[in-house]
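Visitor: Once you have looked at the hints, place chain B on chain A.
Next come the chains, spelled out residue by residue.
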Amino acid sequence: MKAKKGKISVMMGNVVAANVARLCRPEVVACYPITPQSEVAETMSGFVADGSLDAEIVEVEGENSAMNVCLAASVAGARTFTATSSYGLVYMYDAIMQASGYRAPVVMINVNRETPGIHAVSSGQQDMIATRDAGWVQIIVENNQEIADQLIMCYRLAEDYDIQLPVMLNYDGYYLSYLNEEVEIPEQSDVDAFLAPLKNQPQRPRIIPGAATGCGTHGMEMGYVEARYKHWAAMDRAKKKVDEIDQQFADYFGRSYGGQIEEYRMNDAEIAILASGSAAGTAKTVVDTKREEGIKVGLVKQRLFRPFPEERLIAALKGKKAVGVIDRSVGFGWKYGPMCTELKAIAPSIGNVPILSYIDGLANLDITIPHIGRVVDEVNAAAKGNAYQAVTWIPME
Amino acid sequence: MKEIRFHGRGGQGAVMAAKMLASALLVEGKHVASFPMYGFERRGAPVVAFTRFDDKPIREKTQVYNPDCIIVIDPGLLTLPTLFTGLKPNSIFILNTAKKEYIQPNPALKTCGLVNATGIAVQEIGRDIPNTCLLGAFAAATGWLSLDAVLKSLPEYLSGADILQKNIKSAERGYKEVEVIKW
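If you're matching them up, the sequences are chains A and B in order. Take 229 as the starting number for the first sequence in our numbering and just add one per residue. Take 1342 as the starting number for the second sequence in our numbering and just add one per residue.
Bound conformation, chain A alone (with noise of 0.2 Å):
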């Protein structure tokens, strides 16, 4: 650990977040004000108003620009900072496909909350799901610190000359956008340090005037297949690139989150609940109260969304009785919730198991402790060979 101590002091996640991106030092900044988002964009713009941010913001009329200036700063090689929301990163949908493909290594907040259709001014991670074939990597964080953390280190992710893809970072709106927690701010000083090995790298392509290079220019048959494949195998580098970076954040800040999943009292448990993002730390709670009574259940906090940790989960779920996923959305087409029925797709590597569904947490209704426990009931009678219903939506209950 080299790192100084940084101030602590409570704050507000949107305001973490807006803190930790100026000490990233990005260049170029665009954010588009949403509820439960605002407070990042007004805060950064503040700071470039005081003088405390050396960047150039882009007062855009809608996300879907600020997605473009994001794109187009960054292909010309600067770094970049965006954050949103719900209707707002709907509203960006062509935009970011046009991020990802152009491997534009953007960084952007995605405050989870509900979708249109119905208008719910309220916490849920549909916004997420709806983007989750959009070519980005997907982050989901359960606390401010790890807003703090995890944000300087989607930095070293997206721009890392072996990945070049755009990275959302989402938490949770309202549990964690307005939640006041204390959180350590780390020294500048310590955030361009761990941010340094970037400058030390091949310069990415990027689009310079006068220069015959080009970008996101179309791609025909093959050209299309080539960047593609390409795009589908940086994808799968970033895996190991986000445990890799974990490791080194945790050796120069003193704080690990296990990567792409972190698994919590897994060695020994017989069954495992899967959830992510603020439940995941009501989930702790209840597990080690269930540990109390006698079950022995574990947690894995899925964190890294996409690309879809299939490795990691496979061998922290392996040889277990029975899991069961709780999901904060909802998957259209599927009986299951969207996490769950990922699982799913690599239940055969875990073992013929009980695989339960919980739907719960939508539109600022609670992932409660009392729900979470019995889910630890059921997954745990499903281990023991008793009947269990494949879906649950908890609060239809």
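To be clear, the hints were calculated from the coordinates, so they are not data collected in a lab. Here the structure is a predicted model, which is why all the values come from computation and not from measurement. The reader is advised that the hints may include incorrect statements.
Unchecked claim - Here are the simulated EDC-like pairs of lysine to aspartate or glutamate, each with C-alpha atoms no more than 16 Å apart in a straight line:
1) A:K235 with B:E1497
2) A:K230 with A:D479
3) B:K1397 with A:D516
Claimed, not checked - Estimated spans, in silico, between C-beta atoms of each pair:
4) B:E1442 with A:A591: 41 to 47 Å
5) B:T1420 with A:E287: 43 to 49 Å
6) B:D1395 with A:G522: 22 to 28 Å
7) A:D496 with B:G1370: 29 to 35 Å
8) A:D420 with B:D1395: 30 to 36 Å
9) A:A609 with B:P1422: 34 to 40 Å
10) A:D282 with B:T1420: 51 to 57 Å
No residue lacks a Cβ here, since even glycine has one placed at the ideal position from N, Cα and C.
Guide: For chain B alone, coordinates are given in the frame of chain A:
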């Protein structure tokens, strides 16, 4: 872990009070978390906010269902059917009121702190922003933190020496003038 639930209305400072209390408890060396729960931001609409503190890190990211203390910033909310829902046994009730006595409204409530926070705020600050006064009253009635910690947390939130001094005065008066009743 202690859990506190604030009941106020948009614009009264309930969200800010919950956050200030978290900062004050950080001064006392506690692990803290606070957050509000509302959908659209609307002045005058009922707002609920929560503060948790503990000697160990707080991992729960849910609303507070079983408070150790409720703070009612707007006495107009006393008719809320859910106001006393989920109280832990021996919990504490902090109420903004000009009354000097109060009939126990729920058997789980064993301690009550009555303070005319609106009156004090109008006198000291010039506006009905009773939150800092209530934090002073909270410190006195619960004993969970010192007045000094409350006062130390205020400069982070109140810019300008004048408004800060007025709020310090308001918090000090809340601490001194709160009527603590045991039920």
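Visitor: Under the constraints set out in the numbered hints, which ones does this structure not fulfil?
Guide: Nothing - there is no hint that the structure violates, so all of them hold.
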